[in-house]
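J.: Those protein sequence lines, which keep their order, are chains A and B.
When we follow our numbering, the leftmost residue of the first sequence carries the number 4, and every step to the right adds one.
When we follow our numbering, the leftmost residue of the second sequence carries the number 129, and every step to the right adds one.
Hints in this document: simulated from the structure, not taken from any laboratory.
Ideal placement from N, C-alpha and C gives every residue a C-beta, glycine not left out.
Careful: at least some of the hints might be erroneous.
One-sided excerpt, in silico: chain A residues whose CB lies under 10 Å from chain B [stated by the list, open to error]:
id: 1; residue: Thr33
id: 2; residue: Tyr36
id: 3; residue: Phe38
id: 4; residue: Val49
id: 5; residue: Ala96
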Amino acid sequence: AQKVTQAQTEISVVEKEDVTLDCVYETRDTTYYLFWYKQPPSGELVFLIRRNSFDEQNEISGRYSWNFQKSTSSFNFTITASQVVDSAVYFCAIFHLNTGNQFYFGTGTSLTVIP
Amino acid sequence: KAGVTQTPRYLIKTRGQQVTLSCSPISGHRSVSWYQQTPGQGLQFLFEYFSETQRNKGNFPGRFSGRQFSNSRSEMNVSTLELGDSALYLCASRKGTDSTDTQYFGPGTRLTVL
Numbered sequence: 004a005q006k007v008t009q010a011q012t013e014i015s016v017v018e019k020e021d022v023t024l025d026c027v028y029e030t031r032d033t034t035y036y037l038f039w040y041k042q043p044p045s046g047e048l049v050f051l052i053r054r055n056s057f058d059e060q061n062e063i064s065g066r067y068s069w070n071f072q073k074s075t076s077s078f079n080f081t082i083t084a085s086q087v088v089d090s091a092v093y094f095c096a097i098f099h100l101n102t103g104n105q106f107y108f109g110t111g112t113s114l115t116v117i118p
Numbered sequence: 129k130a131g132v133t134q135t136p137r138y139l140i141k142t143r144g145q146q147v148t149l150s151c152s153p154i155s156g157h158r159s160v161s162w163y164q165q166t167p168g169q170g171l172q173f174l175f176e177y178f179s180e181t182q183r184n185k186g187n188f189p190g191r192f193s194g195r196q197f198s199n200s201r202s203e204m205n206v207s208t209l210e211l212g213d214s215a216l217y218l219c220a221s222r223k224g225t226d227s228t229d230t231q232y233f234g235p236g237t238r239l240t241v242l
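This is chain A alone, in the form it adopts within the complex (with noise of 0.2 Å):
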């Protein structure tokens, strides 16, 4: 099966806070895509970050950083001292090269930033 769980709901914290997003996905390919995305209340979803099933490097962006390990098929994403801004929703997914050729998203998690 192709899925991809983001067991947070809902995520409240303070400005400043750090907090990490939680992703485990079930994959029977060897070769697949992880992404987050983040949709604001305007709707739009906006891509984040790719990593490919053999590259598992954790990567930082600014305030972002993501943890990808395949021994547990997690793809955490954890934003350091978060802003108001980072108030969104946001969707982790995985696309399979050779099973069903489609994205698979999760059901995303909800993050409140409180000034």
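Mind docking chain B on chain A? Use the hints.
T.: Relative to chain A, chain B alone:
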């Protein structure tokens, strides 16, 4: 470079009517996918078009159909609307269908069925 555009942004229809939504991909992108987003079901894949051909289809009834034109613009049609079709319909484009191609999303069309 202009992003993915969708028209209209908001639409109100009544049950039984039909609706057509439009999507213009990023210039140079030849693949267009459609998704339905609802609070209960999340983001669900409808179909993907590439070079005017439907490449992949999600698990939706035949009332949902689409097409793609030679300029890569795509339209999605829903016939005999039901209340449950109320949703945000998102269009996404990517260069091709290679797994390395990232999807970029448009702002969506919010459809309300009364």
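J.: Hint by hint, say whether it matches the structure.
T.: Outcome of the hint check:
1. Checking threonine 33(A) against chain B: minimum C-beta separation of about 12 Å lies over 10 Å; hint violated.
2. For tyrosine 36(A), the shortest C-beta to C-beta distance to chain B is roughly 6 Å, which falls under 10 Å, so the interface hint holds.
3. For the restraint placing phenylalanine 38(A) at the interface with chain B, the shortest Cβ-Cβ distance is roughly 7 Å, inside the 10 Å limit, so the hint holds.
4. The criterion of a C-beta within 10 Å of any C-beta in chain B is met by valine 49(A), whose closest approach is roughly 8 Å, and the hint holds.
5. About 8 Å separates the beta-carbon of alanine 96(A) from the nearest beta-carbon of chain B, less than 10 Å, and the hint is met.
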